[in-house]
Amino acid sequence: MKRLIVLIGLCLLMQPQAVSAAAGKHPATPENQECVECHGDQEKVWFDGKHGLMNVKCIACHGSTDKDFAAKPGRASCRGCHGDQVAQAMKSKGKEGKNCFPCHDPHALTVQGVSAKPYHAQGGKQP
Amino acid sequence: MKMTRRELMKYSAALAAASAIGFDLPLPKGVLAAAGEPDKWVKGVCRYCGAGCGVYTGVKGSKVVAVKGDKENWNKGFLCLKGNFLPAILYAPDRLQYPLLRRGNKFVRISWDEAMGVMVNKFHDAIRKNGPNSVAFYGSGQSYTEESYFVNKLFKGGLGTNNIDGNPRLCMASAAVGYVSTFGKDEPMGAYDDINHADCFFIIGSNMAEAHPVIFRMVNERKQKGKDVKIIMADPRKTLSARIADLHMSFTPGTDLAILNAMAHVIIKEKLHNKAFVDKHTIFKTMVDPGPPPKISKVTWDDYVKFLEDYTPEAAEKISGCPAAEIVKAARWFATSKATMSFWCMGLNQRTRGVWANNMVHNLHLLTGQICRPGATTFSLTGQPNACGGVRDGGLLSHLLPYGRLVANDKHREEMEKFWGLPAGRIQAKPGLTAMEMFQSVNSGATRCLWVACTNPGQSLPNVDVYRKGMAAEDSFLVVSEAYHPTKTSELADLVLPAALWVEKDGTYGQSERRYQYVEKAIEPPGEARSDLSVMIDFANRLLAAMGRTEEAKKLFNYKNSEEVWNEIRLCSKGTAYDFMGMTRARMKKAHGLQWPCPTEDHPGTVRRYTSEYDVLVKQQDPKAEGVLFYSAKPDDNRVTIWLRPHKGPAEPPDAEYPFVLTTGRQIEHWHTGTMTLKVPELKRSAPDAYVEINPRDAAKVGVKNKDKVKVTSRRGTIVLEAKVVDVPRDGLVFMPMHYPDRMINSLTTDAFDAMSKQPEFKICAVKLEKA
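Residue numbers (our numbering), protein chains in the order written: chain A, 1103 to 1229; chain B, 3 to 774.
Since the hints were derived computationally from the structure, they do not count as laboratory data. Each hint can be trusted.
Now the stretches of chain B that chain A is said to cover, found in silico as 3 or more residues with beta-carbon under 8 Å:
hint: 1; stretch: 66–75
hint: 2; stretch: 218–228
hint: 3; stretch: 242–253
hint: 4; stretch: 684–698
Ideal Cβ placement from N, Cα and C applies to all residues, glycine included.
Chain A extracted, bound-state conformation (with noise of 0.2 Å):
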């Protein structure tokens, strides 16, 4: 039992990245590393949506890379734009108060699951 917790931690040590994010903060990069280069996948489902075509980059969510990183954004990274909906979620003592991905998909942004328009327009009750 011993020697498989050592050979986990020693696997984990050999994953800094995994253990970083895991712990919500992000590895050390190069500058010159863009996001993209390790999560393609995101950057491409983001790119394909709105806030890809209109440029809302991934700092507007996750901020950088250094202490202000965050792996799973809050709502305030949504307010500057959608400051309204924002104080509706801010109501609300269900799930989708904590913050707006319950509802939105996290890189899409779309709506998922429920629907958004009776939700935000009742002022964040749930319908």
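Following the hints, complete the assembly by docking chain B onto the known chain A.
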């Protein structure tokens, strides 16, 4: 953000190191940690581009912790990527908090009293020994209108020199002269609201997806919601903006004048023009001799048709490389849509034939009558937040006086002398030095004292290394008012004055669609930083006192706050084509911007000018007028000008020795010289450094791969930077972003400028590439 002296010293040392390697300092601890739910939201305007998005700043305690778009303003609550990070610019680690005086190779902290004393002595001494034209001011479209108006009054009226110009000369001058030469008065007649009504967009020389993203958002929304909306994008790069284009016209840089004439050729040949509109509202002119002074002659419709005969689409294809079929398609779409709206930006303005290119876009609208209707308009995009309101309208250029008046016009000078209460003849009849002439004059030693406020010419001038020498010279006295230090300009200064930034002071911004907006003060500036207006008032009173003109100073420069200056500005606009007497400060505080003309307090503002349906000034000029009346062109009987402008190429085309064209531009993350946006960690991470963008075919020819180092050399300098190999620029063209102080792209660019607007040709110069 208060710092102890010990912290400041520690921080200054870190800054010195940082300035050598770039701007890698993290934000001080506690600044972002303070972010949270704001206590209050304060209404204002974005600090960056000329789009002028309405913004609320969220204030918690004494700090700005958030921003959100103003949904009741034109931008409907949307902000661009960099707009979302605005709070961080206020808390950048290199905010300057105290006046600094150069002592040898070092700066030492001094008091404001000492700083003003040194500055007054230097300016007074120069004026006494060498006359008022030995001093100059260089401003920008980033200052508030009240600041620009005041300093214009001080230099032109108080000191009697017209040597006052600014960054808009590098940015907007060709658009301004283009509007004036075609329509008689400056500024677009339309508004962003026209986007909601246009069925065809002709976008040339603008990468609006990155430079004006919220306007791009509106255009895309119109495309999605409208029926059969066409977007034509003319640009030698296939930029991110081209993602929404129905037709992307690529061409050899500098040949678009031939394309514009060829579009006019097709429109007339296929009888798609609006002859009734042309006959009623236009005249034709050509420049017989460029002068100076230029000799202009009136010509006829037949002359224009004959002039265009040579500009067949096939001939234009030979010149430009743009397929003739695309030129024909663009001309047809432009002429036959229900409403066509043109947009352009630096791609047309920053050219040695920038004014001509502007005239030729206007020509297409006049020829087809695609103007002064909802959706039909010719619209110049603006680079800076107050280039229109503060500089073009307010007259902070060396040839202008406020609100459509000209230095060289006897009547206009007399009007302003009376308005300002000056002795007759105080304002010089000869226009002063334009931007490039001003820095040439600093180099020659003729300009002894230069005050640079709220801009960064040490990085932004073309062929910049030549002018940096003059700014650094010991025999010139350079004062720089800046929020940050060091910048590429403040590092050359003799005296650096710490400036309040954005919502640390109040004032008025005027954006591209004639919308004036009040920015309320939300927080105190750091340390001893002051608003430029308060420094200007202080300096004016002290300088005139030193000159023995204390009583005059009390009469001319006795203002307690920005509202008193604003009230004088409103009066100055009264009765002009700009008339915004109705924009009281109380009204501006409540409104989400108001568009001039707005002559009375009950006037809602003007969405579209020169048409009786929307513009109250039409009936004032002619009570019987119905529909379009170009009252701006009164000397030509209210007829505006279709210009016969031949094709002419750039000042420095590529050749065997320098085979590539270098063009410059913006990235969405950054703004201008990066003094603000490069301090925002997120933006810097996303766009950390300059690069040379080159297409795969040219990269193969040069022998470079993506991320290889490339040496780029023009006739003026060399820089080494990383290659970004991507199929965006056409063959023979490379692109570099302009924002980075550590990669001085303007060491390469040419300082050749347009003879009419005096705006330099940043967009085109010849370079060679080598693998470094």
